[in-house]
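Enquirer: If you read the sequences in order, they're chains A and B. Residue numbers for the first sequence follow numbering that gives the first Met the number 0, so the first one is 0 and each next one is one higher. Residue numbers for the second sequence follow numbering that gives the first Met the number 0, so the first one is 0 and each next one is one higher.
Quick caveat, the hints were computed from the structure, so don't treat them as lab data. Among the clues, some could well be false.
[What the hints assert, rightly or not] EDC-like, lysine to aspartate or glutamate: derived pairs with alpha carbons at most 20 Å apart: (1) Lys183/A x Glu207/A; (2) Lys300/A x Glu293/B; (3) Lys300/A x Glu23/B; (4) Lys120/B x Glu131/B; (5) Lys300/B x Glu22/A.
[What the hints assert, rightly or not] Ranges of calculated distance between the beta carbons of each label pair, as one might list FRET restraints: (6) Arg18/A x Val39/B: 32 to 38 Å; (7) Gly299/B x Glu287/A: 55 to 61 Å; (8) Pro8/A x His296/B: 52 to 58 Å; (9) Glu287/A x Pro8/B: 51 to 57 Å.
[Claimed, not checked] Computed footprint of chain A on chain B; a stretch qualifies when at least three of its residues, placed anywhere within it, have a C-beta under 8 Å from a C-beta of chain A: (10) 169-177; (11) 191-197; (12) 216-224; (13) 243-253; (14) 265-274; (15) 311-321.
These figures come from a predicted structure and were not determined experimentally. By construction, the Cβ of each residue, glycine as well, lies at the ideal position given by its N, Cα and C atoms.
Protein chains: 2
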Amino acid sequence: MIPTLQWTPEGVRFIDQTRLPLEEAYVLATDYEQVAEVIVTMVVRGAPAIGVSAAYGVALGALRTTAKTTEEFAPEFERVCARLAGTRPTAVNLFWAIDRMKGLFGELRAAGATLDQIKEKMLAEAHAMYEEDIAACKAMGAHGGALLPEDGGVLTHCNAGALATCGYGTALGVIRAAVEQGKKIRVFADETRPFLQGARLTAWELMEDGIDTTVICDNMAASLMRAGAIKAVVVGADRIAANGDVANKIGTYNVAILAKEHGIPFYVAAPWSTIDLKTATGEAIPIEERPQVEVTHHGGKQLTPNGVGIRNPAFDVTPAKYVTAIVTERGVLRAPFSEALKAMQQRS
Amino acid sequence: MIPTLQWTPEGVRFIDQTRLPLEEAYVLATDYEQVAEVIVTMVVRGAPAIGVSAAYGVALGALRTTAKTTEEFAPEFERVCARLAGTRPTAVNLFWAIDRMKGLFGELRAAGATLDQIKEKMLAEAHAMYEEDIAACKAMGAHGGALLPEDGGVLTHCNAGALATCGYGTALGVIRAAVEQGKKIRVFADETRPFLQGARLTAWELMEDGIDTTVICDNMAASLMRAGAIKAVVVGADRIAANGDVANKIGTYNVAILAKEHGIPFYVAAPWSTIDLKTATGEAIPIEERPQVEVTHHGGKQLTPNGVGIRNPAFDVTPAKYVTAIVTERGVLRAPFSEALKAMQQRS
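Next comes chain A alone, as it looks inside the complex (with noise of 0.2 Å):
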């Protein structure tokens, strides 16, 4: 089991994911700022680590508040929640996580909880959030495996891993559950510029896991299909507008019609708490800008020239008519996406 966020009696213990692979070095939260700091200078990564990352700041904003009375800490509580809200852009699920704790604190206000309740129901709804993600990723193992050749190759992008959720994964869970199925799966795995979450954290947890993994260049994805060596591209997402449309790990639209333009599947896979369907499409979601150093330095060391202008998007928008079919714990959506959306989310 990959220990990407776990909680222990002095807060929430992080494995440092900018340390990784050569180092397995741990960061202590014990309070909400140190879980804003984990989540902006990305010890903790992807999508669904961060909500439920978040949800455990908003319960330690409780646990280590001086506040003595319910209504004392609720401006200290909105405090809390905005500082986490601005840590990153782009990922819903880290909004998501912090209107649940939002609505939880409304309703044990409204109820006449104590303080002391609230800190106690607060740290539950966290680890409940945290089991469910498992549970989600296990979910989309089962639906999205079957959609994976049975034999050949399939890229990734960036990491939609263990490591960017509580465990397990999401497009690299329905690959762990493709490879649990008996199939024969190699994986492409991007490197993924410029934090190289592939070529450091996919390669990592599949090593550990003994899944046959080769990291690419993301610039040789197209020969390699070309060469017939991918036979579906499998990637995770930060948001999921109602239309369908994908903001995932920068790369990921290159991907897209990279694979369209082969003839081969693009699947995506993202739990429920990634579909946004209050935004209307990927044109309006927020695209964060990341620091430039993350472009111009490796390791301590300078790339490019001094003073030559660089872009550092760290997400991109594919547009629904790229994507063969989004897979979630609820089951597998295919086009029209607005409609299968829609459905599903009335279903449950």
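Chain A is already provided as a structure; the job is to place chain B on it using the hints.
Expert: Okay, now just chain B, sitting in the frame of chain A:
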């Protein structure tokens, strides 16, 4: 003037492209073996620059021989040519340059030239190829500059610049010419993993010339195209087959597909020496697989977990159907390329 390679009384002086942009270091190759090493280790790279370097390598083979006569030198000449031809497989300019030196040697030998005469003529031939290369780049600029937009972003991949030639550049020569014509070009340079020719070399040489340049990761191109930031793509080539298929730096094929999908013209700029009419299609072009360490490490720092699979093809093939036009020193070619290439070959 960027000093990619320069003849000196001691041999050929190369700017060390593995150390740019932060260090301007030079390597002096005083014999053909050192020229071969400089090509293998990518101190010099870029198809046209490799070709001229090899020509100087052959000339150094003659100049440094201890043989006393042309006939005594003849078998050594074969070994020199074979060593240089074995350095890198994809760029046809290498073989073109060596074949030209072989042809000259054959003529001189048949005419009964002395070894001293052969030495002198070979060095003169290498000098001529150097000057022709710069002239070809200028002519490509004159032909190709007109193709670029009056105002807007132009994407280039890898480095097809002054550093890939004896000066001015092929793709970057086209950009330089457009800028000299008063066009407002903003260059987007794909960083070009794994060797980072874009981030390091294209960025460096365009900044030396004061051209507006922004480095992006290879996986950011599609979202910039969708946002309208890129109006044209121009790249170089390592070999162009008789049907117009283009071998170029890995990732070129990705960019070509993305350009097609967004309705953006995709131009290839290359000297006539890059065109290989003896190779029918791109499928027959050998693709060099470079050492894994280029992908697994950067600046001595390991990126990937131990033991993971790695692919590192240095080039890919872009089928002719994705190419809007090929810019050569002889003019601009458009589809159908088989006919256009044949016609231009016969005309000259």
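Enquirer: Taking the hints in turn, state whether each one holds.
Expert: Verification of the hints:
This hinted pair checks out: Lys183/A and Glu207/A have alpha carbons roughly 17 Å apart, not beyond 20 Å. Restraint check for Lys300/A and Glu293/B: satisfied, since their Cα atoms lie roughly 15 Å apart, inside the 20 Å limit. Note on Lys300/A and Glu23/B: the hinted pairing holds, with a Cα-Cα distance of about 16 Å set against a maximum of 20 Å. Taking the CA atoms of Lys120/B and Glu131/B, the gap is about 16 Å. The hint holds against a cut of 20 Å.
As the CA atoms of Lys300/B and Glu22/A are separated by approximately 13 Å, the hinted pair is consistent with the 20 Å bound. In this structure the supplied range 32 to 38 Å holds for Arg18/A paired with Val39/B, their Cβ-Cβ distance being about 34 Å. Separation of Gly299/B from Glu287/A is about 30 Å and departs from the stated range, judged on CB atoms against 55 to 61 Å. The supplied range of 52 to 58 Å is broken by Pro8/A and His296/B, whose beta-carbon atoms lie about 40 Å from each other.
Our hint of 51 to 57 Å for Glu287/A and Pro8/B holds, since their Cβ atoms are close to 56 Å apart. Coverage of the segment 169-177 of chain B by chain A is violated. Counting CB-CB distances below 8 Å, 0 residues qualify, and the rule asks for three or more. Counting residues of the segment 191-197 of chain B whose CB falls under 8 Å from any CB of chain A gives 4; the rule of at least 3 is met. Beta-carbon proximity to chain A at under 8 Å applies to 8 residues in the segment 216-224 of chain B; the threshold of 3 is reached and the given coverage holds.
Under a criterion of three residues with beta carbons nearer than 8 Å to beta carbons of chain A, the stated coverage of the segment 243-253 of chain B is upheld, 4 such residues being counted. Given a C-beta distance limit of less than 8 Å, the hint that chain A covers the segment 265-274 of chain B is violated, as 0 residues qualify and 3 are needed. By the rule of at least three residues with a Cβ nearer than 8 Å to a Cβ of chain A, the coverage given for the segment 311-321 of chain B holds, with 4 such residues.
This entry does not satisfy hints 7, 8, 10 and 14, going by the numbered hints stated previously.
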